[in-house]
Structure formats: structure tokens, C-alpha cells
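Going line by line, the protein sequences match chains H and P.
Here the working numbering runs 1046 ahead of the position in the first sequence, where the first position is 1.
Here the working numbering runs 184 ahead of the position in the second sequence, where the first position is 1.
Hints listed in this document are in silico derivations from the structure and should not be mistaken for laboratory results.
Here the structure is a predicted model, which means the values were calculated and not measured.
No residue lacks a Cβ here, since even glycine has one placed at the ideal position from N, Cα and C.
Distance condition first, Cα-Cα at most 20 Å in a straight line; then the derived DMTMM-like pairs of lysine to aspartate or glutamate:
1) 283/P with 1641/H
2) 1556/H with 1625/H
3) 1556/H with 1608/H
4) 283/P with 298/P
5) 283/P with 1642/H
6) 283/P with 1638/H
7) 1606/H with 1212/H
8) 283/P with 308/P
9) 1606/H with 1638/H
Quick partial rundown of chain P residues pointing at chain H, CB under 8 Å, derived from the structure:
10) 201
11) 202
12) 203
13) 205
14) 206
15) 208
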Amino acid sequence: MIPELGHFALILALLVALVQGTLPLAGAARGSRAWIAVARPAAQAQFLLVAFAFGCLTWAFVSHDFSVAYVAQHSNSRLPLEYRLSGVWGGHEGSLLLWLFMLSGWTVAVALFSRHLPDAMVARVLGVLGLITVGFLAFILLTSNPFERLLPAAEDGRDLNPLLQDPGLIFHPPMLYMGYVGFSVAFAFAIAALLSGQLDAAWARWSRPWTTTAWAFLTLGIALGSWWAYYELGWGGWWFWDPVENASFLPWLVGTALIHSLAVTEKRGSFKNWTVLLAIAAFSLSLLGTFLVRSGVLTSVHAFATDPRRGIFILILLAIVVGASLFLFALRAPKVGLGGRFGLVSRESLLLMNNVLLVVATGSVLLGTLYPLFIDALGLGKLSVGPPYFNAVFVPLMVPLLILMAPGPLARWKHADMRPVLKQLVPAFVAALLLGVAVPLLYGGWRPLTALGVLLAAWIAGGTGVAIAGRLRGGLSGQPLHWWGMHLAHVGVAVFVVGVTMVSSYQEEKDVRMAPDDTVTVGGYTFRFIGVRKEMGPNYQAMVGELELSRDGKVLRTMKPEKRAYLTSAMPMTEAAIDTGLLRDVYVSLGEPIDERAWSVRVYYKPFVDWIWGGCLLMALGGIVAISDRRYRLKRRAAALQGATA
Amino acid sequence: MNKFLLPLGIFIVLVAFLAIGLNLNPREVPSPLIGKPAPAFTLPQLHQPEATFAPKDLQGRVWLLNVWASWCVSCRQEHPILVDLAKRNIVPIYGLNYKDPREDALRWLKQFGDPYVLSIADVEGRVGIDYGVYGVPETYVIDKAGVIRFKQIGPVTQDVLEKTILPLIRELQK
Chain H
1047 MIPELGHFAL ILALLVALVQ GTLPLAGAAR GSRAWIAVAR PAAQAQFLLV
1097 AFAFGCLTWA FVSHDFSVAY VAQHSNSRLP LEYRLSGVWG GHEGSLLLWL
1147 FMLSGWTVAV ALFSRHLPDA MVARVLGVLG LITVGFLAFI LLTSNPFERL
1197 LPAAEDGRDL NPLLQDPGLI FHPPMLYMGY VGFSVAFAFA IAALLSGQLD
1247 AAWARWSRPW TTTAWAFLTL GIALGSWWAY YELGWGGWWF WDPVENASFL
1297 PWLVGTALIH SLAVTEKRGS FKNWTVLLAI AAFSLSLLGT FLVRSGVLTS
1347 VHAFATDPRR GIFILILLAI VVGASLFLFA LRAPKVGLGG RFGLVSRESL
1397 LLMNNVLLVV ATGSVLLGTL YPLFIDALGL GKLSVGPPYF NAVFVPLMVP
1447 LLILMAPGPL ARWKHADMRP VLKQLVPAFV AALLLGVAVP LLYGGWRPLT
1497 ALGVLLAAWI AGGTGVAIAG RLRGGLSGQP LHWWGMHLAH VGVAVFVVGV
1547 TMVSSYQEEK DVRMAPDDTV TVGGYTFRFI GVRKEMGPNY QAMVGELELS
1597 RDGKVLRTMK PEKRAYLTSA MPMTEAAIDT GLLRDVYVSL GEPIDERAWS
1647 VRVYYKPFVD WIWGGCLLMA LGGIVAISDR RYRLKRRAAA LQGATA
Chain P
185 MNKFLLPLGI FIVLVAFLAI GLNLNPREVP SPLIGKPAPA FTLPQLHQPE
235 ATFAPKDLQG RVWLLNVWAS WCVSCRQEHP ILVDLAKRNI VPIYGLNYKD
285 PREDALRWLK QFGDPYVLSI ADVEGRVGID YGVYGVPETY VIDKAGVIRF
335 KQIGPVTQDV LEKTILPLIR ELQK
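Next up, chain H with everything else stripped away, as it sits in the complex (with noise of 0.2 Å):
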């Protein structure tokens, strides 16, 4: 009865979202009042009737409603409940069910939270994303039904994948989706612009919080799922390359420089075409990346569960959605002034310069992505596109990007004259040479390229430095939040190249052979095999590896690195044993038994290796300091006050 009740409620949902769609739309086109009222209740309806569906599948988890197809595919009776709840979305319907639930919350969200925006353009916006609601509504419903009944019911379930039997995996993707989805909102916001035909600094400064949101949240996201497939794989990598991860990736590359452009949109007028551009291309990449994790056009380590017809659902929606959106830009933009003059030398030029080089970055990841697809559609072969390509492509991007970090935030508006700016720096850079030469040296040997990392990171937050030393006269307690939020997170952007750099200059790993009592050597670390144990997990078996960790003859702790086989799926996973340290990871995975004794054991020595997702956590945080500003508020207030008196 419950999953029938969550499937009639999206149903509901699908009516409600159509009126969301299309009333406050015509409304704001023709000026009635009366429709454009009905945008805000639709959103809210739309919201609690989603959020009952999601709830009816999560009760269909906890209670082990084997009748239901999905839960009876991706839990188990013996599934712990954490585990059962995030199983939700643990396999394609309920991620599906688990995107629009998002979408409904960011659309309810802007409903509450927009009281100071003009009525119309609320309507607008709560329009577009009534329709992005409709498309996915109609494709949960008709080919990917999380409520489909299996009759008879099944048994006992197959058990969720155990890959996603992790801690890591209970939040990864419900954060990746509310960036994702919460790019939505600046794509509704930016065609509401080119609708209205005001696309000016207001329209910027509306959408600009709800963008550094779902952008920290991607950043969260992205960095989780990296620090689950570092220690759940048991490879020790953290980033691969791979199409999923550079489908999450794409979006955060156009995301961040969106935050940039949108910055001199709201400041001085200018990219309005741009950033609006930026803004579509944030949401489309989105729903590319959906396409591309949906469909299987790509083989990936990630491998989902496809089937054509949901490929050619998406294709269409994305054609909708994005060929919609370009068509209107193309009709809208010739129309739009350039906004204010600014100097060839001057902060917009560096933030040109920003966004330039993260739109070339994500055009050369776009297509070292789909390469494959594009040589295949053309019958020219099949090839892969591999890390070699994407880090000799992506790096050389990423070093001017760097290197304008710290003179970018410097710069001064309209026109800068970069003397004294540079001359500020001096500081900055002369500490930088001497770390990016000496860190090398003294850490285990010089190499050209670990110099530069240490060099830019440190310039970067020498840079970071100089800007506060410079405030320093005025106060620091009076600078902004929004411009605390700007340096934490690009000293957040220092502390993983640190990371990123260190790591790959130095890691050490060693795959041995050990039977108890042999003893290896990584990085200064000894570890000395004890054996192996058999143990019962609630839903698994386990091989329990015990191997003493010391340093210099002093016993650190001993490290407990699994091998287990799921009872359902007997399919073996590694559960790596990590010692985490602020200056390095020390790493132990089990292979596979060799003999009566012995068994093949990897151990990885990571220097540095949490400041990157440590870097990322800062970045994250420093879009919620600046989202915490004050001003975003003030204007609320100076606008209620306003309408309170008119």
C-alpha cells in the first residue's frame, strides 16, 4: 500500500509541476497577478508531495519490503540500517527519485528564501524549474519506476552493491547532487533574465548565493567521492580520470568560473552574456554528466546498470533543456549592453583571463572524455582516453590559473596599474622561490616539477598574506565575510596543490609477499605481518590482516586492513587499513592468499595526501563564509522597507 501511495504522490507531483511550469510563465509574460501567485504554493505543494514519495521508498527500505523491485535488487534482510537508508539511492531509480527530491528542495527553497526578489521574476524562475521538475518527474515515471511491485515477492533481497557499503558512500552522493542540481537554480535564474530581458548587477547578485551554495556542496561531493575511492579501492589513488568523475568534474570547473564572472556582473555590469552563458553551460554539463552516467556510451570504472531507452529519455530532455536555453540566448544576447568599461590591465581582465582558462580547461577534459565516443561514432576505431592525456593537458591550465591567484584578488577595479601590486608581492614571491627550492631538498630530492607545485601553493597564500596585511590598517573585523569566504578558499586551493604535489613526488608502495613474522619498509614505516583471521560481519565474511606498524623501532599501533566476501554476491572487496597523519597517510591493503601462511600484501607510504581533500574542505567553507554575508541579507531588508513604503 505505501509504495503505491509514494507512486500516486509523484504522479500528483507530475500535475502540480506542470502548473508550476506554465502559469507563473504566462503570468509573468502577460502581467496577471493571479497566475503569478501560484508559482510559490505550487513549489511548496511539489516539495511535500515529493518529499512523501521519497519517504514512502525510504519506509520500504527499513521495513524490507522485498515486493517492491528496487528494494528487493539493492537491500538485503540482513543490510544494517544505515545502509538500508542509503540504499535509497543506492542503485538508478532511487538516485533518480533521490535527484528530484533535491530539485523540489532547492526550487521550495528559492520560494521561501526570495520574499526581497520582484514577484515576476520569482514566477520566472520558479517556472523554469517547474519544467526541469517536469521532465525528470516524467522520466522517473515512465522508465525508471523505483515503486515497481515484484509479485511474488522475492525471498530475501540481493543486497546492496558492496561498494556502496561505506560511510563515505552514505553522503557522497546525496552532496554531489545537491550541486549538481543546485546549479539548476542559476540556470533558472539566468533564463528568467533573458526572459524578462533584465539581465542586469541585481539579477546577478540574486543568484550569485544560490550558486557559491551548490557549488560548495559539489566540491564536498566531488571530494568525498575521491576520498572514498582512495580508501575503498584499495589502489591508493585518488583521482582517476575516469568519464563519471570527470562528469562530476566538468560541472565544478564551469561552476567555479561562473562564481568568478558573476562576481563582475553584480560589481561592475560587465559578462553579462557571459556569465548568463556560463550559467546555462553549468546546468547543461549537469545533465550531460547524468546523461553520461545513465546511458553507458562511455565504459567507466563506475559500472551503472543501463539501458538504452533511459539513454535516449535523457538525450531528449537534455536536447529540450539545453537546445531550449541556447535558442533563447541566441535571441536575447544580441540585445544586451556590454555593461561597464574596463582597462586591459584591471581585476575584470584577470577574471577574463580566470574564466578563459577554466573554459579551455573544461573544453580539453569535455573532450578527452568523450574522444572515444567521437572516434567510435565515426568509425574510426575505439581507443580510450587515459590520465596521461588529462594530466598533460590539465596541468599546464591550471599553473596561469595558479599564478594569477595572488595578484587577481589585489587588483583594483575598472583600471589597476599592476606596479604596486606587484611590488606588494615581493614578499610573497621571495618566500615562495625559497620554500618551492628548499621543500624539495630537505623532503626527499629534487624534482623540477615538485618545486613549481610548492612555489605556486606557496605563492598563493602568499598572496592571501599580502591582501590581509594590507587590511590590516583598516580593520580586519570590518572586511566582509564574502571576502574572508574568497581568501579561505583560495588558500583552500593552496593546501591541495600541496597535497596533489607531494603526493605524486613522493609516495612510496611496495606489493610483497608476507607470511607472519616478515616485516616491509615504506617511507620509514616498518610493518611486520602478524596473520590472517577469519571474521563475521552482519552481512559478510571477512579475512582480517594484522600487521604491527612501527617507526625506528617504536610500535605505533597495529593495523587491521580486511578482504571481505558479501554473502549475497560473493563478491570480494578490500577494506584498506589507513593511519592517518596530518603529514602523511601510511596505507595497507590485503591482495589475495598465496599460500597456507603467506598472503600478497600492498603497503603505500602518501605524504601530504589529506591536504587535498583538506584543500577541498576549505574551498567548500569558504563559499559558506561568503554566502554568510551580510549584504546578501541587507538588501532583503532595504527591499522589504521599500515595499513596505511604496
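With chain H fixed as given, assemble chain P onto it according to the hints.
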């Protein structure tokens, strides 16, 4: 020409490629072995380890070589199709039991049925390397001259069997 139409134009080209891509299978990798003689080997049979089997024993016949293992989940999916095909007596199926302990393999055949004329035990997986096996199951169509004519990676589906494998076999048997 309106320069603002450029993004739309690029997007349309992209969608066209994606639409073509939907009808392609990226997992289908052409095997370099197609059109080449099946690599020779001599290995013990699964049921009678004292007897051996070599591909040249089948010179002059069209046959299927199916790589399977008891630990392979997708093999269970294709197995009923093979059992059914064996009953139709169109083509002899030989099994290459890949990296499997003998008892497990025998138990598996007892449980799910045995479509094979005989199975060859490749415990070490050596022959599998010669045949370029990179995932179980895989199925090879080998012609009268001992040349590999087709390779299916992954489970044989009813669709592949009826549309590709059987027509090819009829052609080769002429």
C-alpha cells in the same frame, strides 16, 4: 550570421554524436584473434583428467568454445541459454573451465546442467591468456579450418545467439 548562435550550433553537433553513441557499444572491443587460427594447446579434460583435449581434434567441424567458471556470476545468467542450445543439437559446445578447482566445477555443472560435449580444465589460466580472455564468460566460434570467426565477450544473450552466432554457424557449416 549571429555569433550568439555558435553555442547552439556546437551543442547540436554534440547531441548528434551522443545520439550515435547511444547505439554503439563501448564494451565491444574487436579481438585481434578474429580471422586467426585458434591457439593450440593440450589440456586435461575436466571429467576424465587422464584424457586430454586439443583444438586440432575438432579439425573439420564448426564448434563453440565457451570459457566458464563456477565463481563467475554472469556465467549463471548465460548458462540456461547454452543448455538450451545444446539440446537443439546445432553445434557442439566445448567448455574451457577457467581457473577453477575441479570439485567446484563439477558441482556447478551438476547443479545447473552440463551443455558441454566436454570441458577442458585450465586451472592455471594459461590457455586463457593465449585466447585473450579478460572476463569470464567469453565464447568463441571456431570454423572447420580451426580459425576463430567470432568472439563474444560477456554472457551470450538470446539476442546475440539468434542474430549473430547461429546465422554465422549456419554459414560456416555449409
